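With these hints in hand, go ahead and build the complete structure from the sequences.
Those protein sequences? They're chains L and D, same order as listed.
For the first sequence, my numbering assigns the number 253 to the initial residue and increments by one for each residue that follows.
For the second sequence, my numbering assigns the number 707 to the initial residue and increments by one for each residue that follows.
These aren't lab readings, by the way, just hints derived from the structure by calculation.
None of the values given here were measured: they were computed from a predicted structure.
Glycine included, each C-beta is placed from N, C-alpha and C at the ideal position.
Mixed in with the good hints there might be a few duds.
A few chain L residues facing chain D, derived, Cβ under 7 Å [to be verified]:
id : residue
1  : T329
2  : S355
3  : T358
4  : Q370
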Amino acid sequence: MTGLRTAQRVGAAALSALLAGGVLAACSSTSNKSAKTSAGNPPAGTSAAAPTGAGSSGGAAGAIKKGLKVYFIPKDTQNPYEVLADKGGQKALQELGGSVTVSSGTQDTAAAQLPSIQAAIQAHADAIVIAANDPSALCPSLNKAAQQGIKIVAFDSDIACGTSPNHLFINQADTKQIGTSEVDLLAKQINSEGQVAILSAAASATNQNAWIKYMKEQLKQYPKMKLVSTVYGNDDPATSLTVLQGLLSAYPNLKGIISPTTVGISTAAQYLDTHKDVAKRVTLTGLGLPSQMRKYIKDGTVQSFELWNPKDLGYLAGYAAASLASGTALQSGATFGSGALKKTYTMAQGDGELSVVLGPPTVFDKSNIDQFNF
Amino acid sequence: MSSDTAVRASSSAAPTGSGDGAAPPWRSVVRWEGGLVVVLAAVLLFGSIKSPHFTDASTLFYLGINTGYVAIMALPVTFVVMTGEIDLSVASMLGLSASTVGYLWHHGWSIWAAFGVALVVGAVGGALNGVLVAGFGLPSIAVTIGTLTLFRGLAEVMLGSLTIPTLGDRQFPSGLTDIGANSLPGSQLSWSMLIFLVLAVVFGVVLHYTALGRSMVAIGLQPEAAQFAGIRVRRIKFGLFVLSGVLSAFAGILDMLQQASVTYDIGTGLELNVVAIVLFGGVSIFGGRGTIVGVVLSVAIVGSLQMALTQINVSADKQNIVTGVLLLISVIVPNGGEALRRVRDRVRRRTVPRPR
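Below, the structure is given as structure tokens:
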């Protein structure tokens, strides 16, 4: 009897071990598969990358090492925007004959990113490309990685670690460019004349205010366009809608609205979509997500809006990481090629941090909206 | 609470009905730990086969960094669970303590004074749990879910969106933050893991070799009987909640130093990892049963599993699945075995009537 019961217990323990083992085996096989596909591809893009470096500094793009291991550590593993960036990075390393491992937590916390940094250190990765959940909490770990020769590249959200470690930040778009290009985009659609307004997020949002400052400056180029009001929707759909309605009734002759926030532009687009009479006279543009705006682009409510392309961002980060890992110096004035982006990037001290700017934001309209699913 | 324990007490007496004499209670515990050893061996084997870096010495160091401070919280929670209660506020207390240090540091305090205040905060928070549970007899699961939210809220009020050290702050003393970067001289043991191991020995001795430890077991098995036997049930429970608060605060200090920074959301959600470690270690959720050896084995399993999975790049969401499965196993297997036996006994009684 006792023997039988013991056998049962042992069986149960063995079962639990099996169960745990089974789960693990299932998981690991999928991750191995993806690792192989990213590593095994021929370096098709290297030849394409070489000519781009020829312009200014020949050595920059030519000497990328083969078999580089780059860890992409996004804010978390589900964020659709960063999943696209990771894909861009994978494409870049595929072209360069290296491989990308994407690793992060499920929550947007610095602590959740630490195990991924450790894994990169243990795997003797050549570079880490990270979108930091916290500007300073990751510094000690990243510094440790840097001390072991791992190059550090940040994108989307920068780290502020001073010189420990030194790193390169891939800036999605510079502040001035975002401000001026949105005004240009609207001007093109309303023939550079009429009353315009801005629908922003919170009145205290640093990035919004910086963009608005440059918008105002750029508006001086268009004497017939008059900025009548700036309203704040606090990145909340209900508030955005209320202030939008107030704006429309206060300025019946309003011709254009710029909303440099994804919440604002999608709320406004939805309103215009259901109020065709208003949509006929008011033109909307700004910064939006293609997934949220697709419907309104297709039915003509919105002609165009812009945002940087996260896939290009990751792609450029991949090239930057590979170049640094191949010996490109981490200093102001150093250059590297960027494959399909067909441009040689030069590192510069921007805001005290060594960085490069991806380029002007991508404009989304009927012709390209279907290529983007973030 | 009391009806629960009564039911369980009668069910644990039931197997003797099958007539072969009750197995001594420690037998089932030994068997669970035996199972854990097998699982640990399987995890280590799995890790060393699947990951080329699992056998690197640094794996032990990182395991200590990632798991040590969580494991420290598991010890007092083991005691609390032994007495039939639970403390879900530990991770929030970790956050409150670390945020307190951060707040004081930001306002120019010395680091040691800030540590002292943080530990006092831990004791006060633990005492709040203790008064509500032991003093007013409120259910610990509800009380500690309440303080879970309360402590985290206080931490958020203190730090807001700040990361300490923020711009213009002093850096934390590098001699202290080094515990997150360097192992103990001449080994791959992290400081937090060493502290856990020392504490584990102390907790093991207290639980298994002292009157206080026996009292906790008695409280967990039968609070009323323990009360009548002269055990100061309420005082012990109160003391355990205070202990839990203090050690969670201490874990917060360790975590903060390891990261060399603190935000109010530090350690969010870790209470589930702590409970998973404790239950998977064989501590009965109903109280009265469990060993520190089991908890230590459980820490080793959970820690090395996490290392192995991260090294072979299993995403964190899939790792959560593993934690969930472990939790389920630790609840289903011991209780499922008992239920099975009851069914079997009933069937047997029906088919072969026992001569009386």
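How the hints compare with the structure:
no. : hint : verdict
1   : T329 : holds (5 Å)
2   : S355 : holds (5 Å)
3   : T358 : holds (5 Å)
4   : Q370 : holds (5 Å)
Of the numbered hints given earlier, the model fails none.
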